[in-house]
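Novice: Using the numbering used here, you'd call the opening residue of the sequence shown number 1 and step up by one each time.
I should point out that these hints are in silico values taken from the structure, not numbers from a laboratory. As the structure is a computational prediction, the values presented were derived from the model and not from experiment. The beta-carbon is built from N, C-alpha and C at its ideal position, and this holds for glycine as well. Hints may contain errors.
Claimed, not checked - Here are the simulated lysine-lysine pairs, DSSO-like style, with alpha carbons at most 27 Å apart: (1) K238 - K81; (2) K288 - K238; (3) K347 - K288.
What the hints assert, rightly or not - Here are the simulated distance ranges between beta carbons: (4) D285 - E330: 28 to 34 Å; (5) E80 - A243: 16 to 22 Å; (6) A131 - Q370: 53 to 59 Å; (7) R235 - D344: 39 to 45 Å.
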Amino acid sequence: MQKFYYYTLPATAFVFSAIAAYQFFGKRTTASIQPPAPQPGFGAVLEQTPTEPEASLPTPQPEITPPISVAIARPVTGSEKASIFQRVVDQQASLGLCLDNDNLAANLDDAAIYQQGEDRYLVSVLCFMAAYQGAYEFVYVDGETITHSRLALAGFPSFDPETSVLSNGYKFNGAGTCLEDSKYYWDGYSLRLVSASLIDGVPNGCADLGVRSPSADYLITSEGVGPARLGMTFRELKAQLPAAATFEVVPLGVDLPTGWQVNLYGAAQFVVAFDGDSGENLPGDQEKISWIMVDNPSYRTAAGVGPGTLLAEAIAAYGPATLSYSTENESRELIQFADSPFNDDQKSRLFFRSNQWTLSDYAGIYPDRQVSYQTTTQYADHAAIGSIWLTQD
Numbered sequence: 001m002q003k004f005y006y007y008t009l010p011a012t013a014f015v016f017s018a019i020a021a022y023q024f025f026g027k028r029t030t031a032s033i034q035p036p037a038p039q040p041g042f043g044a045v046l047e048q049t050p051t052e053p054e055a056s057l058p059t060p061q062p063e064i065t066p067p068i069s070v071a072i073a074r075p076v077t078g079s080e081k082a083s084i085f086q087r088v089v090d091q092q093a094s095l096g097l098c099l100d101n102d103n104l105a106a107n108l109d110d111a112a113i114y115q116q117g118e119d120r121y122l123v124s125v126l127c128f129m130a131a132y133q134g135a136y137e138f139v140y141v142d143g144e145t146i147t148h149s150r151l152a153l154a155g156f157p158s159f160d161p162e163t164s165v166l167s168n169g170y171k172f173n174g175a176g177t178c179l180e181d182s183k184y185y186w187d188g189y190s191l192r193l194v195s196a197s198l199i200d201g202v203p204n205g206c207a208d209l210g211v212r213s214p215s216a217d218y219l220i221t222s223e224g225v226g227p228a229r230l231g232m233t234f235r236e237l238k239a240q241l242p243a244a245a246t247f248e249v250v251p252l253g254v255d256l257p258t259g260w261q262v263n264l265y266g267a268a269q270f271v272v273a274f275d276g277d278s279g280e281n282l283p284g285d286q287e288k289i290s291w292i293m294v295d296n297p298s299y300r301t302a303a304g305v306g307p308g309t310l311l312a313e314a315i316a317a318y319g320p321a322t323l324s325y326s327t328e329n330e331s332r333e334l335i336q337f338a339d340s341p342f343n344d345d346q347k348s349r350l351f352f353r354s355n356q357w358t359l360s361d362y363a364g365i366y367p368d369r370q371v372s373y374q375t376t377t378q379y380a381d382h383a384a385i386g387s388i389w390l391t392q393d
């Protein structure tokens, strides 16, 4: 069972309405206001300079993804759809769903519901429409249990029941000079990020809008992610967040401390873990952040690499990649780049996790599955960064 803490945080230097909060924690969730131009000194705009691979380490070419067996989802319609949607609407407040919509029940016709398995459903909810795209949030229904996915998208998402892939195109402005194309895989239980790419609607459209290099609010560095910093106390973190932020317990792994996911207006921002590891109780104010995990594509490094970045694009920034996993470590697939960022930092460690368990069990293509530890430089065409992890050394 998910556990939520709706925590009133101190006021910050930012004033947040519902829409402004979308802007603060992810431009891709802004449906009605064009993103502001980058502010001088507020996240410097950096040019992405591809790193030439060493001659002895040829860049591997993407392999064609082999066919895999996926569960086919069933579109839900008619009275069954109306009944499930009403159950979701009845729990709108407790879910923290579409909090700016006081008449969510009226959006039944714009909702989409899909079923996998006996009693598991994915519900796409339109929160509101703006001038040129909508704001959507997604809910899981598993029997009697209803949970928010903590995924919020602006655009016009579409779900392919044949592949269980949710696709979305988000326009950063009405003219469509820059778009974000993102894909998520629904395994019947949760939506997992497959990829997120910026696409120029016109030549240099994304660079001219300043979205290829993140501002300080979305920047991943050796010290932290956005407003969260390694070594920062829980009290200090709360002081940096808007009052609408909430904390939710999430598992990080059997050998890792309890994670606390920071949510804002329907969207997960990042996950932090503390040195005290207080379990499902909120951390003490003086407990310090020891881990940060982010799988929200809004957050990226100065080179524009982040969750959802296709591996081929990340290689252009950080050099050849080696993928590996160990069956003795929950088969977590890691990516190591030849010129990995923050290599010179002695105070923290950086881990790139792949988008495994989406379109295939692994992003890498491994020659021998009989050995417990696997490594490869070959990868599937859909291979991408699934999440980025930071911890103190």
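Novice: Next step is simple, just say for each hint if it's right about the structure.
Specialist: Each hint, compared with the structure:
1. Restraint check for K238 and K81: the C-alpha separation of about 39 Å exceeds 27 Å, so the hint is violated.
2. A threshold of 27 Å between alpha carbons decides the hint, and for K288 with K238 the separation of about 12 Å falls inside it, so the pair holds.
3. For a cut-off of 27 Å, the pair hint linking K347 to K288 stands: about 15 Å separates their Cα positions.
4. One distance hint, 28 to 34 Å for the beta-carbon pair D285 and E330, holds here, with the actual separation near 32 Å.
5. For the hinted restraint 16 to 22 Å between E80 and A243, the CB-CB distance of approximately 39 Å leaves it violated.
6. Restraint check, A131 to Q370: a C-beta distance of roughly 56 Å satisfies the suggested window 53 to 59 Å.
7. At roughly 31 Å, the beta carbons of R235 and D344 sit outside the given window of 39 to 45 Å.
Hints 1, 5 and 7 from the list above are not met by this structure, while the remaining hints are.
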